[in-house]
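The lines below spell out each chain.
2 protein chains.
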Amino acid sequence: MLVVSDVSVAFKSLLLALFLSTFPLISSCGTTGRSAGLTPRLAHCVASPVSTIVCSTALGLTGTKAGGAKKAGMAVRGPLLKDELDIVIPTIRDLAFLEQWRPYLSPYHLIIVQDGDPTKKIHVPEGYDYELYNRNDINRILGPKASCISFKDSACRCFGFMMSKKKYIFTIDDDCWVAKDPSGHEINALEQHITNLLSPSTPFFFNTLYDPYRAGADFVRGYPFSMREGVATAISHGLWLNVPDYDAPTQLVKPSEKNTRFVDAVMTIPKGTLFPMCGMNLAFDREMIGAAMYFGLMGDGQPIGRYDDMWAGWCCKVICDHLGFGVKTGLPYIHHSKASNPFVNLKKEYKGIFWQEEIIPFFQQVVLPKEAVTVEQCYIELAKQVGEKLNGLDPYFTKLSEAMVTWIEAWTELSGTAKKSDATSNGSVN
Amino acid sequence: MLVVSDVSVAFKSLLLALFLSTFPLISSCGTTGRSAGLTPRLAHCVASPVSTIVCSTALGLTGTKAGGAKKAGMAVRGPLLKDELDIVIPTIRDLAFLEQWRPYLSPYHLIIVQDGDPTKKIHVPEGYDYELYNRNDINRILGPKASCISFKDSACRCFGFMMSKKKYIFTIDDDCWVAKDPSGHEINALEQHITNLLSPSTPFFFNTLYDPYRAGADFVRGYPFSMREGVATAISHGLWLNVPDYDAPTQLVKPSEKNTRFVDAVMTIPKGTLFPMCGMNLAFDREMIGAAMYFGLMGDGQPIGRYDDMWAGWCCKVICDHLGFGVKTGLPYIHHSKASNPFVNLKKEYKGIFWQEEIIPFFQQVVLPKEAVTVEQCYIELAKQVGEKLNGLDPYFTKLSEAMVTWIEAWTELSGTAKKSDATSNGSVN
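Protein sequences appear in the order of chains F and G. For the first sequence, the numbering used here assigns the number 430 to the last residue and increments by one with no breaks. For the second sequence, the numbering used here assigns the number 430 to the last residue and increments by one with no breaks.
Treat the hints with care, as some may be off.
Just so you know, same-sequence chains aren't split out, so a pair can sit in one copy or run between any two.
[Stated by the list, open to error] Below are the DSSO-like pairs computed for lysine-lysine, each with C-alpha atoms no more than 30 Å apart in a straight line:
| # | residue 1 | residue 2 |
| --- | --- | --- |
| 1 | K370 | K389 |
| 2 | K152 | K351 |
| 3 | K258 | K180 |
| 4 | K120 | K180 |
| 5 | K399 | K180 |
| 6 | K389 | K165 |
| 7 | K82 | K384 |
| 8 | K258 | K370 |
| 9 | K152 | K166 |
| 10 | K351 | K167 |
| 11 | K351 | K165 |
| 12 | K145 | K399 |
| 13 | K166 | K347 |
| 14 | K152 | K167 |
| 15 | K384 | K338 |
| 16 | K370 | K254 |
In short, the hints are calculated from the structure, not lab data.
Required output: the full structure, derived from the provided sequences and hints.
Put into structure tokens, the structure is as follows:
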């Protein structure tokens, strides 16, 4: 019976091969060929039913490095993309949370952006490789262009994106801890982000079984074959168990609400759809979209706060849509430990709550010219339109528009010919 | 400490009330007012943290009716929308699967559309209230317009939609069984569909914590307050555990793949995004969108099959987007027992696999005129555009365009002045 079954499967495969070879349109983009557009290593990852294990092999990782992810029933393995990813953390306090993350994050290089008082000493747990920048460093490195980097607001994290020279960034807040999945196993958030970034997105058509590239899933009936290759993923937006990312009014109304629902899904946010991007647990391909990952003017001296990541998300999404990049949301979860003070938040968000009612329609309608083919070009065009169309809302948007241009200038300088040695941090590089 | 906390919460509420009353824009659409646009009964359902229980109370159900849903730790209660919902089942065989569904479906009226040989006797389990239509009935009731109803294809189910006089429809295939959630409890699929249909959708902006109206969830930071009322939901698309709804090529390549991932989420499919709507486990508001829920010309005498629900889904989605109705997907799951034969399927899907590569761009670009303000008007316009723009693909689309018009004519006749008595079934109505 087993033999018959095997023959049957072999016959089916043969028939399909014949079918697909007969119709090249399908064979070039069909189910079997859906990983054709991926890099070779990604193709291996995706095609395998045990992708997470094969991934590490395909990436040439040895599995012997200390500090790799541990999962029940899975051997310890080396950290994925160790030399291609920086972790950016904005903070005003000691980074005790890194102790819990040690098995997952310690192999990676940290870029710490110290907010607030530069004279305060930030303690980083031993064994972490890091560079640390405070406000004095930012002023020294950027000179007059430092005006585009926010002060006394976690928006300052984008300075870390600028200083990185790696392809990928994972950014996490210092009140985010390792979450557990429903079976009680710790979630390696970074590993999931990397999986998300290394597998394609599907922004042009919704797949009802969510991420078609996950093991055990695929494209469902009716999904056009020509779209099954997907597009490259620029952003992976992770979620939060425990304290959800609510605005001040919702925090006030539901002071005790906790997010306990573990939704086992990753999905592409469709083209043309905006979303509220939270910077708490976020990863992205810096080479693809980093230039648009600007967190705006927030905090000290600015009329609003807590819209830094939202602003970056809206800008990034319209640019990703224009350039055909993918944005994913869903897994991984982190455990968000404490809600920020809703009264303080209300003060920060106050104007943003009104402004977003006009900002969202602006972003929903924005059209970028065909000539804008790089993220930098798109961003400059967006800055121009922000200055033109949102300035009636408040003079702040003129200032923001100018800061967006300054950001791109600084980004281009630092990402361009400037050598890393010209812009050293004052942190300890282990 | 508890007292202080209570005072604090009360004070927060007071402050928010003051804040919201000061800014009427927010107060009319803010978090506390998000259910303002719902019907009173729905507002009760949504606002409560124990919504499923309060729902049944708010709906005036007694909880004494036999056959209500049973959940661990939850009292038996009366069936939701018992007199407002019909269950439509297309079949060619005995409906043994209804035995397993008895606790959940037996309180509802069934409309059975018998496909294939009209002389065959379909056995319906005792105790079910039903009407049954075979091909002879369809021909008798619709006369020449019966040509728009497919034969030897489950597309014939849409005749049942036409015959119903209820506000809501749940349609399910006869190889779908009761699924279990990860905790081992049976899933009352219909109850979840009703919850989906009675709570709003959010098609204009993505909420990263999925359905904001579920207990324990809400709109996240950055979600515009003016969009938090949502829009009425027209369609609830449920999913499948066990055998996934794959096309023939994917079935052939992955003959043994099972869907074992229970994703605990319901979400709105954003405006402007198409999806592959499967008719296996589907509910909709017949008054809102029924006229567009036409499953096309499939099966006997037609060049394709297995695109019936896809066609309906594409048509419905563009019309829902045009009219501002919501479409949800996700929960509930059913257990899909057996994969259909991939070889037979390949024959049926063959042309559709090619055609959909042009059909999808057509639907993605279709624009309905502002003057089309009813589903019927939208559908007639869509039929016209199908005839004009897809006829180059195959003469079939001219025929389909005409059938779409015939469908609307028949729908209008039967939904209009025609009395139910003019169109009796030959089934046993208990």
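- Intra/inter-copy verdict for K82 and K384 if alpha-carbon distance must be at most 30 Å: neither (37 Å within a copy, 57 Å between copies)
- First find the shortest C-alpha distance between K370 and K389 inside one copy, then the shortest across copies, and answer within, between, both or neither for a cut-off of 30 Å. both (20 Å within a copy, 27 Å between copies)
- Message: As a check of your reading, is K152 near K166 (CA-CA no more than 30 Å) within one copy, between copies, both or neither?
- Response: within (26 Å within a copy, 59 Å between copies)
- 30 Å Cα cut-off: does K152 pair with K167 within a copy, between copies, both or neither? Answer is within: at 27 Å inside a copy they meet the 30 Å cutoff, but 55 Å across does not.
- Item | K389 and K165: within-copy, between-copy, both or neither at 30 Å Cα | Classified as neither: same-chain Cα gap 34 Å, cross-chain 50 Å, threshold 30 Å.
- Task: Could you figure out if K120 and K180 sit no more than 30 Å apart (CA to CA) within one copy, between two copies, both or neither?
- Result: The answer is neither: 33 Å in one copy and 55 Å across copies each exceed 30 Å.
- Can you tell me if K351 and K167 fall within 30 Å by alpha carbon in one copy, between copies, both or neither? Intra 35 Å, inter 43 Å, cutoff 30 Å: neither.
- Message: Regarding K370 and K254, is the shortest C-alpha distance of 30 Å or less found within a copy, between copies, in both, or in neither?
- Response: neither (45 Å within a copy, 40 Å between copies)
- Using 30 Å as the alpha-carbon threshold, which applies to K166 and K347: within, between, both, or neither? For K166 and K347, the Cα distance exceeds 30 Å both inside one copy (36 Å) and across copies (50 Å).
- Please work out whether the CA atoms of K258 and K180 approach to 30 Å or closer within one copy, between two copies, in both situations, or in neither? both (15 Å within a copy, 25 Å between copies)
- Message: Treating 30 Å as the Cα threshold, decide for K145 and K399: within, between, both or neither.
- Response: Intra 13 Å, inter 65 Å, cutoff 30 Å: intra-copy only.
- Item | Status of K370 relative to K258 across identical chains (alpha carbons, at most 30 Å) | Neither, since 44 Å and 43 Å both go past 30 Å.
Against the hints set out earlier in the document, violations occur for numbers 4, 5, 6, 7, 8, 10, 11, 13, 15, 16.
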